[in-house]
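Student: Taken in order, these protein sequences are the chains called H and Z. Numbering (this note's numbering) for the first sequence: 1 to 300. Numbering (this note's numbering) for the second sequence: 1 to 957.
Among the hints, a few may not be true.
Label-pair distances were calculated between CB atoms; the ranges are [stated by the list, open to error]:
{"no.": "1", "chain 1": "H", "residue 1": "Asp32", "chain 2": "Z", "residue 2": "Lys850", "range": "34 to 40 Å"}
{"no.": "2", "chain 1": "Z", "residue 1": "Tyr50", "chain 2": "H", "residue 2": "Gly158", "range": "18 to 24 Å"}
{"no.": "3", "chain 1": "Z", "residue 1": "Val298", "chain 2": "H", "residue 2": "Asp32", "range": "30 to 36 Å"}
{"no.": "4", "chain 1": "Z", "residue 1": "Arg849", "chain 2": "H", "residue 2": "Asn230", "range": "44 to 50 Å"}
{"no.": "5", "chain 1": "H", "residue 1": "Arg225", "chain 2": "Z", "residue 2": "Thr51", "range": "41 to 47 Å"}
{"no.": "6", "chain 1": "H", "residue 1": "Ser239", "chain 2": "Z", "residue 2": "Tyr50", "range": "45 to 51 Å"}
{"no.": "7", "chain 1": "Z", "residue 1": "Ala200", "chain 2": "H", "residue 2": "Gly221", "range": "39 to 45 Å"}
{"no.": "8", "chain 1": "H", "residue 1": "Thr126", "chain 2": "Z", "residue 2": "Tyr50", "range": "43 to 49 Å"}
Only pairs whose alpha carbons sit at most 30 Å apart, straight line, appear in this in silico DSS-like list of lysine-lysine [said to hold, decoys possible]:
{"no.": "9", "chain 1": "H", "residue 1": "Lys160", "chain 2": "Z", "residue 2": "Lys41"}
{"no.": "10", "chain 1": "H", "residue 1": "Lys102", "chain 2": "H", "residue 2": "Lys78"}
{"no.": "11", "chain 1": "H", "residue 1": "Lys78", "chain 2": "H", "residue 2": "Lys51"}
{"no.": "12", "chain 1": "Z", "residue 1": "Lys191", "chain 2": "Z", "residue 2": "Lys58"}
{"no.": "13", "chain 1": "Z", "residue 1": "Lys892", "chain 2": "H", "residue 2": "Lys30"}
{"no.": "14", "chain 1": "H", "residue 1": "Lys160", "chain 2": "Z", "residue 2": "Lys244"}
{"no.": "15", "chain 1": "Z", "residue 1": "Lys244", "chain 2": "Z", "residue 2": "Lys330"}
{"no.": "16", "chain 1": "Z", "residue 1": "Lys484", "chain 2": "H", "residue 2": "Lys166"}
{"no.": "17", "chain 1": "H", "residue 1": "Lys166", "chain 2": "H", "residue 2": "Lys102"}
{"no.": "18", "chain 1": "H", "residue 1": "Lys51", "chain 2": "Z", "residue 2": "Lys854"}
{"no.": "19", "chain 1": "H", "residue 1": "Lys193", "chain 2": "Z", "residue 2": "Lys41"}
{"no.": "20", "chain 1": "Z", "residue 1": "Lys956", "chain 2": "Z", "residue 2": "Lys892"}
{"no.": "21", "chain 1": "Z", "residue 1": "Lys58", "chain 2": "Z", "residue 2": "Lys244"}
{"no.": "22", "chain 1": "Z", "residue 1": "Lys244", "chain 2": "H", "residue 2": "Lys238"}
{"no.": "23", "chain 1": "H", "residue 1": "Lys204", "chain 2": "Z", "residue 2": "Lys41"}
{"no.": "24", "chain 1": "H", "residue 1": "Lys82", "chain 2": "H", "residue 2": "Lys160"}
{"no.": "25", "chain 1": "Z", "residue 1": "Lys330", "chain 2": "Z", "residue 2": "Lys145"}
{"no.": "26", "chain 1": "Z", "residue 1": "Lys418", "chain 2": "Z", "residue 2": "Lys484"}
{"no.": "27", "chain 1": "H", "residue 1": "Lys193", "chain 2": "Z", "residue 2": "Lys854"}
{"no.": "28", "chain 1": "Z", "residue 1": "Lys145", "chain 2": "H", "residue 2": "Lys238"}
{"no.": "29", "chain 1": "Z", "residue 1": "Lys106", "chain 2": "Z", "residue 2": "Lys58"}
{"no.": "30", "chain 1": "Z", "residue 1": "Lys330", "chain 2": "Z", "residue 2": "Lys549"}
{"no.": "31", "chain 1": "H", "residue 1": "Lys166", "chain 2": "Z", "residue 2": "Lys244"}
{"no.": "32", "chain 1": "H", "residue 1": "Lys204", "chain 2": "Z", "residue 2": "Lys244"}
{"no.": "33", "chain 1": "H", "residue 1": "Lys51", "chain 2": "Z", "residue 2": "Lys58"}
{"no.": "34", "chain 1": "Z", "residue 1": "Lys549", "chain 2": "H", "residue 2": "Lys51"}
{"no.": "35", "chain 1": "Z", "residue 1": "Lys145", "chain 2": "Z", "residue 2": "Lys244"}
{"no.": "36", "chain 1": "H", "residue 1": "Lys51", "chain 2": "Z", "residue 2": "Lys850"}
Hints in this document: simulated from the structure, not taken from any laboratory. Note that the coordinates shown come from a computational prediction; the quantities given were computed from them, not determined experimentally. Where is the CB? At the ideal position from N, CA and C, for every residue including glycine.
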Amino acid sequence: MTLMAILQDVDKCMRCNGCVIACKREWNMKSDSIGIMKVGVDQRLAIKSQKRVDMGPFVRFTCWHCPSPPCASACPYKAIIKRDNGAVDVDESKCRPDLCIKNGQYPCQVGCQRGGFPKVGVGRTTQTSPKANKCTLCYGRAGVTTAANALPTRNVTGLKSTLVLKGGGILPDAGAIPELAHEPACVSTCPAKAMVWDSQANIKAYLEDRANGYYLETSPGVFSRNWLGNGSMFWGGKSVLLTPPKADPLVEDHLAPMTSDLASAALKVSVPTLVIGGLAALSARRTRIEEEASAEGGEA
Amino acid sequence: MTNNWGDIGNSTLVIAMGANPSENHPACMAHINNARRGPGKYTDRAGNEYTSNKPAAKLVVIDPRKTRTAVLADMYVRIRPGTDIAFVNGLINYMIDAQGTGTGLKNGVHANQWTRFKAFHEATANKNHFPDGVNTATAITGRPKYTDATIKVAGTDYERATFTQGANTITGFPVAVTDIETADTAYMKLKSHVAPYTPAVVADICGCSAAELITVAELMIENSRCSSVAADTDAYSATVNDPKLAGFRSTTMLYAMGITQHTCGSQNVKSFAVIQTLLGNMGRAGGGINALRGIHNVQGSTDMGLLYGNIPAYSGNPGVGQAFGDYMNKLYGNRINGAAGAGATDPYVYTNGGLQQKGFYNMTKAFFGDSSYRGTWDAGSVFTETASAVTDNQANMDGLYAMWPKGNGDNHIKMFRKMLPTYAGTDKITACMVWGQNPAVTEPNQSKIRASLKELDLLVCVDMFANETAMCDRKQNGVDGATKDGVTYLIPACSHVEEAGSATNSGRVLQWRYQAIAPLGNSKTDLELLLRFAKALDGAGAFSHIKQKWNDLGILGGNTADAYEVLYGSQYGWTWGSTFDSETSAKKVYKQMCAPQGNGGTIWIYLDGYHWDRTNRGGDWPDATGATGRWVNGVLETLGNDYPIRAKSRGKSDMVVVSGDSAAVTATKSGNMLYKNWGYAWLVNRRVFYNNGDVPGDQADGFQGAELVSRMFTSTNSGVLDYSTAYRTYHRLSDKVFTSAGVQPAHQPLAARFPSHTEPYESPRPDLASYWGYNSVNGLAIAPGSTDNSYRNLVPTDTSIGAVANFPLVLTTIRCVEHFQGGPITRNNLWNNETEPEAWIEIHSADARKYGIKDGDWVNVITARSNSTTDQTGRTKNNVASTVPALDNFGKGFRAKVGAGVDSNQRVGQGVVAIPWHWGEAGMSTGARANDLCIDAVDANTTIPESKACLCKIVKA
């Protein structure tokens with residue numbers, strides 16, 4: 001089993017939401033929470049704008065698939081499992097939110113400081129009781145277990161990586177990678193081909209190859225890394241400065257910024273992923289917009 | 001599209017003007033992303049690694065709205081809605097130095113580019129000419145090869161003179177010179193035409209800066225044919241046509257409704273043609289002007305002639321009183337001597353015809369007689385064709401031709417006006433069949449549309465959903481003076497995955513779509529419904545005139561014939577009463593459409609796209625080994641010959657030549673991502689149109705007439721151009737420009753011959769309108785009540801037109817990625833409604849502040865025609881029973897999305913309001929309808945409405 005990963009090239013993403021719909025369709029997610037910029041139990045992934053008012057770059061908010069996921073270790077019923085292919089998966093048969101809830105909080109949510117924490121509720125039309133819902137790299141659906149829908153995306157064997165190291169060199173996994181046939185629904189559907197499904201080693205080698213452009217010259221001669229990820233979800237950008245997709249804003253982003261934007265740039269604190277954090281961010285943004293508006297008044 | 005989707009990846013500059021591919025054509029962005037990759041090693045879809053040294057393309061977006069495409073672009077230029085021509089003419093002004101100050105190509109730094117530019121326009125070639133009464137071509141030497149830049153212009157036409165070469169004498173032949181800078185050439189006329197469009201003037205019209213204009217102009221110079229590095233001065237060799245080379249430069253221009261939905265829409269497109277022809281980017285890899293189509297098969301519907309002025313394959317309607325031979329002589333093909341000519345040019349001899357003529361000949365037999373399959377298929381083929389029972393002779397052809405409807409139908413604006421209660425003409429329309437459309441959302445100025453639909457005696461809607469049209473308000477006997485009830489029928493159609501058939505994409509690649517599942521419930525496929533409709537009409541005696549004609553001719557059983565069986569059943573494989581088989585019947589239609597003409601093909605542009613072994617034009621399918629089958633999930637499934645063609649698998653594309661390829665395989669690969677053998681597309685498998693045979697590996701262009709060049713100038717001459725076999729009747733643009741004083745602008749003597757700026761019919765700049773004028777139609781009143789040659793005659797006289805004093809904001813319509821067209825499909829889909837639940841307006845923060853509107857407020861948008869909250873006359877509220885919570889926002893107006901920060905960070909500029917037009921009052925998600933507000937002024941040539949610019953005001957709802 002090869003350790004796999006998704007790479008989102010944020011320069012290419014145009015926020016068509018094709019991946020969001022593909023995910024919902026693939027996993028029979030419900031659609032009774034109106035508005036896409038939400039933390040709904042039916043939301044395994046969302047595409048959000050890093051800048052306010054939908055001005056891009058557009059970043060995928062989803063589970064990072066940490067190497068040692070805190071959600072898995074926090075789960076008292078061992079329902080969250082780090083699979084061999086890298087996926088942080090949920091075994092619904094073991095998930096018992098009714099029993100694990102403590103002080104109004106679910107343990108799997110508490111430790112997560114990244115976007116895409118498990119959302120608890122009846123998120124799928126096939127669920128009858130609340131369960132944790134999150135991105136699983138289409139584990140199960142991709143056919144590596146008997147769970148869920150066992151269809152791979154592509155019925156082709158012997159697929160090799162399409163990544164190329166421009167600086168020369170050979171990919172770590174240069175041979176055939178069987179799991180390439182098990183493309184997650186989001187990657188498979190992306191019209192802009194902004195996402196790549198490959199082995200984690202290949203993706204890391206691709207990002208680390210300076211010739212591929214994922215290190216930005218922030219000052220003359222100084223290049224800083226402009227890619228993120230250490231599990232099975234990576235983000236890379238060649239032209240825009242990337243901020244970590246850490247939390248989920250709770251309202252439409254033409255109203256609110258990405259909370260992480262504020263967190264990393266202004267507040268320098270980690271952002272809580274619960275309601276109170278979103279409201280605080282909204283308020284902070286309002287203040288900032290007013291400040292900017294008055295500052296820009298001179299130019300106009 | 002003059003090129004195709006895959007070819008966009010070959011560009012070094014992508015200009016999206018009036019197009020938003022990120023949200024409206026998402027798949028297009030993959031090709032733009034391909035173009036934006038820099039030099040490096042890549043793998044094609046088949047896994048072959050190759051090296052490209054082509055520089056990374058820049059993406060420039062020119063649009064009133066900073067779309068999601070614009071935020072991904074290298075450069076964004078904001079212009080005022082409806083000022084595209086001013087911007088393009090400003091680019092040309094700068095490029096060819098119309099001011100004489102040494103700008104653009106006349107700048108010393110571009111000396112080499114100027115040399116190549118000039119040589120390209122002055123290049124000559126031998127072109128074919130057909131002297132009077134002769135059916136074989138004579139080569140005319142030294143004619144302009146690519147463009148009309150060296151052809152002289154006199155008045156509003158080309159300068160014409162008698163031309164003599166050897167024994168050939170041609171009268172009225174365009175005069176060409178050798179130097180583009182000779183007085184009165186089309187090039188010099190263009191130069192003086194664009195002279196008023198200085199950067200400062202353009203900045204005032206468009207609301208952009210002069211610096212932005214100049215930057216775009218310099219980018220286009222640097223990314224055009226004249227900047228492709230080649231040793232020869234012709235600047236056009238295989239060297240500059242290989243998009244994998246470092247010296248390759250090419251600009252493609254993408255457009256969509258932002259360009260076409262104006263009263264000057266055709267002129268907007270023409271301005272693209274002018275600048276790309278001028279820069280030599282037509283007929284090149286990575287070049288051309290490319291219309292991004294809004295629906296997967298809209299190109300197919302255009303090819304099939306679903307418009308009021310066309311029959312299939314771009315033939316005009318046969319005219320009233322026009323004889324068969326006269327009509328045939330106007331088509332693309334061979335010269336035919338009138339109605340009953342003798343000898344080699346007799347129109348009744350099938351073999352005398354050219355491509356379009358043979359297609360029409362076959363079509364006439366297939367539509368009004370039996371199908372006209374000719375000859376035999378290859379030995380061993382399972383297709384068994386029966387030759388036509390109608391003998392080819394003059395009497396039979398005249399008889400069948402007589403049954404074609406003659407003359408044009410009504411355009412959509414006129415058509416609805418003819419349904420109105422107040423319409424007094426004898427040709428009032430009292431019944432209407434709406435098939436897969438939703439005019440109660442999509443047509444502008446809904447007040448008129450609703451009154452029209454209400455007045456109909458009979459309204460039949462064929463749709464998947466009870467949409468706004470099917471639910472519209474209808475007249476009742478005794479109410480408001482009506483004397484009978486208006487009856488509505490809704491006939492359930494199935495979705496596209498429940499039926500088989502072909503689709504033609506924007507790049508004219510044909511794709512076969514298998515029937516995935518049988519139609520659900522009581523729904524039926526479109527084809528079955530059409531055949532049932534035909535059967536019912538026959539049963540009601542509607543075809544009796546056809547049978548009478550057959551009787552007179554003594555063919556096909558005459559008055560005793562089963563007309564349905566002859567015209568439909570036997571041709572499309574469905575006999576009344578039997579189970580309908582979508583795959584079988586759709587395949588038969590497809591066969592008739594794509595067959596070689598000798599085998600009854602009717603659509604000449606799809607010629608030979610029928611069966612893999614029928615032709616050497618369609619390439620090999622599915623692979624070169626001769627095996628037959630289809631690709632299923634990447635696996636070759638072997639089938640018999642009896643299988644419809646499908647686009648060649650991309651995995652087997654001819655994208656690049658790789659080491660180890662045999663010479664034979666290499667020869668089949670274009671090597672430049674043009675997908676030469678991938679699918680079947682126009683024309684007869686071209687991939688770049690107007691290519692003059694210069695693109696390596698692609699089909700040479702057959703249009704080599706003596707005058708046949710890419711034109712920048714539009715002559716007024718609309719007569720038959722009898723110089724060649726090709727396109728002898730030219731369709732002229734019908735535009736004429738008038739100022740509000742009723743005269744052509746004095747500073748634009750060649751307005752409409754070259755594109756010139758005109759203001760939208762509701763203009764926020766009356767000062768500019770009185771100077772530059774409005775577009776009007778010349779010679780044909782296109783809208784009810786308006787008169788020819790009058791000022792602003794492209795809008796019905798009963799339409800209210802607002803003035804900027806009362807309506808200070810410009811309204812422009814937009815689309816979003818989550819919803820599709822008039823909305824029946826997507827507004828009845830849970831996930832789409834979840835992601836985009838309500839209609840909104842986008843507004844600049846300064847305007848919002850002025851009108852007291854905060855982000856998230858509901859806003860009433862008001863135009864001279866209607867408003868979004870209280871004027872619901874004739875509109876019905878959603879009353880579809882639904883088990884899911886309906887998103888009922890109808891009558892609330894639009895939700896305000898207010899921009900924030902500096903101008904460049906806002907969706908729209910000051911003074912502009914953008915509104916999505918997908919919503920209406922029916923379905924799961926309802927919302928305010930943009931077309932209640934929009935003006936029904938239309939383009940002079942296409943009658944597309946001016947949805948992109950009208951005037952409005954807004955108040956908090």
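Student: Can you list which hints this structure breaks, lowest number first?
Tutor: The structure breaks hints 5, 6, 11, 15, 16, 17, 27, 28, 34; every other hint is satisfied.
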